[in-house]
Amino acid sequence: MAEFLNGFLLPLIIMVLKILSITVPLLVAVAFMTYAERKIMGAMQLRQGPSIVGPFGLLQPFADGLKLFAKEQILPEGANRVVFYVAPMITFFLALVAWAVIPFDYGLVLSNINVGVLYLFAISSLGVYGIVMAGWASNSRYAFLGALRSAAQMVSYEVSMGLIIISVLLCVGSLNLTEIVKAQETVWFAIPLFPMFIMFFISALAETNRSPFDLPEGESELVAGFMVEYSSAPFALFFLGEYANMILMSAMTSILFLGGWLSPLPFAPFTWIPGVVWFALKIAACLFTFVWVRATMPRYRYDQLMRLGWKVFLPFSLFWVVLTAGVLVTFGWLPK
Amino acid sequence: MILQGIAFYVFAALLVASGVMVISSRNPVHSVLFLILAFFQAAGLCLLMGAEFIAMILVIVYVGAVAVLFLFVVMMLDINFRELRQGAMEVLPLGGLIGLILFAELAAVLGGWIVAPGVEKLAGSPTPSIDTVSNTVALGRLMYTQYVYLFQACGIVLLVAMIGAIVLTLRHRVGVRKQDIGAQLARRRDEVVAIRKVTTGEGV
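From first to last, the protein sequence lines are chains F and Y. Just so you know, we're using my numbering here: the first sequence kicks off at 15 and counts up by one. Just so you know, we're using my numbering here: the second sequence kicks off at 2 and counts up by one.
Possibly wrong hints are sitting among the right ones.
What the hints assert, rightly or not - Facing chain Y, a subset of chain F residues (Cβ under 10 Å, in silico):
{"id": "1", "residue": "Met29"}
{"id": "2", "residue": "Ile33"}
{"id": "3", "residue": "Ile88"}
{"id": "4", "residue": "Val129"}
{"id": "5", "residue": "Leu132"}
{"id": "6", "residue": "Tyr133"}
{"id": "7", "residue": "Val146"}
{"id": "8", "residue": "Ser154"}
{"id": "9", "residue": "Phe158"}
{"id": "10", "residue": "Ala165"}
{"id": "11", "residue": "Glu172"}
{"id": "12", "residue": "Leu189"}
{"id": "13", "residue": "Arg321"}
If you're looking for bench data, these hints aren't it; they were derived computationally from the structure. Every value quoted in this text rests on a predicted model; they were computed, and no experiment measured them. By construction, the Cβ of each residue, glycine as well, lies at the ideal position given by its N, Cα and C atoms.
Just chain F, same shape as in the assembly:
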């Protein structure tokens, strides 16, 4: 009995508590992200944004959530029931499960695995399944077109994203996310690898299907793309998944290029602030840019999107990998 308690029950309880301590704040962050997006876009377009529910409209996301869950669930005729309901679950699940390897501060990570970057990359490359399955199972032309677009788009941008990550890894010499942040103590990678930083951010926009690359749901041509047939809770799951993915991609950008939990300047007044706060601030800055881009840029045309991915990003990131490796070898800066 004691062995059962120590070997199984106790580790299980601790693990569940740790997982909850990440997912619950994440979900709250997602809720307020939707609020922040509407507020920021409102300010940029000289509107007020949500301001009725609660002080400054702060309770708006919860009102929206309640409304969504209270609505009727509709299963389209001829839809594939199981796949139709599994798709939003996959999207939501993948957006949450990636957070297991994100280090919030030195040692403050759920599982510090050696292949952290690969894990994140693997999880983000799975995101396409939720969308493709949703598009296929809905038995609708619009949804299917949206799903096909999204599949092509996400696969294209993953290639250049992988190469960008490789150029960061060359400078670190490890796939561990904690090591990656520690390697940026002298200088954040956003400075020596500046073009890669910009390209990673743009690829992140494409990877999360955000504007100006939101063709999978482009409402002017495809109504709402892969989500046309969804309503109520499944739709809410897609929505939450999209925003959680945005936060995840911002976290990835800050870990790979903006020095994760490190303070911008390594002396007194800055180092007093705990690393978690710096990390959160960097994520918030990235998220603000996500919204900013959405409020300013028109949507890309589909062939232009593909051209950008394959003919601009891919050759340039490949060139940059060779360049980084060349510089590191020539000057003997290769990490041990």
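Using the hints, position chain Y against chain F.
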């Protein structure tokens, strides 16, 4: 350690179950989805064995890229599933034979693995001890030193295959209106815009 044990049995059971579902489900899209599930379980098993790099590469390459294209193609197919089923019984003996041969080969390989001298040591510790060098580093060292020529040869084979696929499917169509970004950017204002003074009642 109980948790790891449970994880192993869950992964293994789901792997076998989804493998069976791949060949027995009626809808080919379901088959592909079960195939993806099987890949995923296999990655989980690799992870439990400590082969973290292989597990992640399995997910990235097979699940993230290959299976997406698979799914893509299968979803686009418009086939009559019932007709497809009817032919299945005719090729069953052939399929069974191939399965049997594969199974025999696998058994022979596994048998040879245990019997051959010196292999037991290798099988026990394929990488140097986990504490000193991580999985990825060990693989990289082996691949880029001892097997570098074979590795490069693999790369060239893949490159040739890719170029071949492009050459086979590429066809130049005439009369397609294509955007030429270079030409667009190279345009000057005075080449395309002319300012005329138009007098009232006469037109240009």
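So, going through the hints one by one against the coordinates:
{"no.": "1", "hint": "Met29", "verdict": "holds (8 Å)"}
{"no.": "2", "hint": "Ile33", "verdict": "violated (14 Å)"}
{"no.": "3", "hint": "Ile88", "verdict": "violated (22 Å)"}
{"no.": "4", "hint": "Val129", "verdict": "holds (5 Å)"}
{"no.": "5", "hint": "Leu132", "verdict": "holds (4 Å)"}
{"no.": "6", "hint": "Tyr133", "verdict": "holds (6 Å)"}
{"no.": "7", "hint": "Val146", "verdict": "holds (6 Å)"}
{"no.": "8", "hint": "Ser154", "verdict": "violated (13 Å)"}
{"no.": "9", "hint": "Phe158", "verdict": "holds (8 Å)"}
{"no.": "10", "hint": "Ala165", "verdict": "holds (6 Å)"}
{"no.": "11", "hint": "Glu172", "verdict": "holds (7 Å)"}
{"no.": "12", "hint": "Leu189", "verdict": "holds (6 Å)"}
{"no.": "13", "hint": "Arg321", "verdict": "holds (7 Å)"}
Checked against the numbered hints listed earlier, the structure breaks hints 2, 3, 8; every other hint is satisfied.
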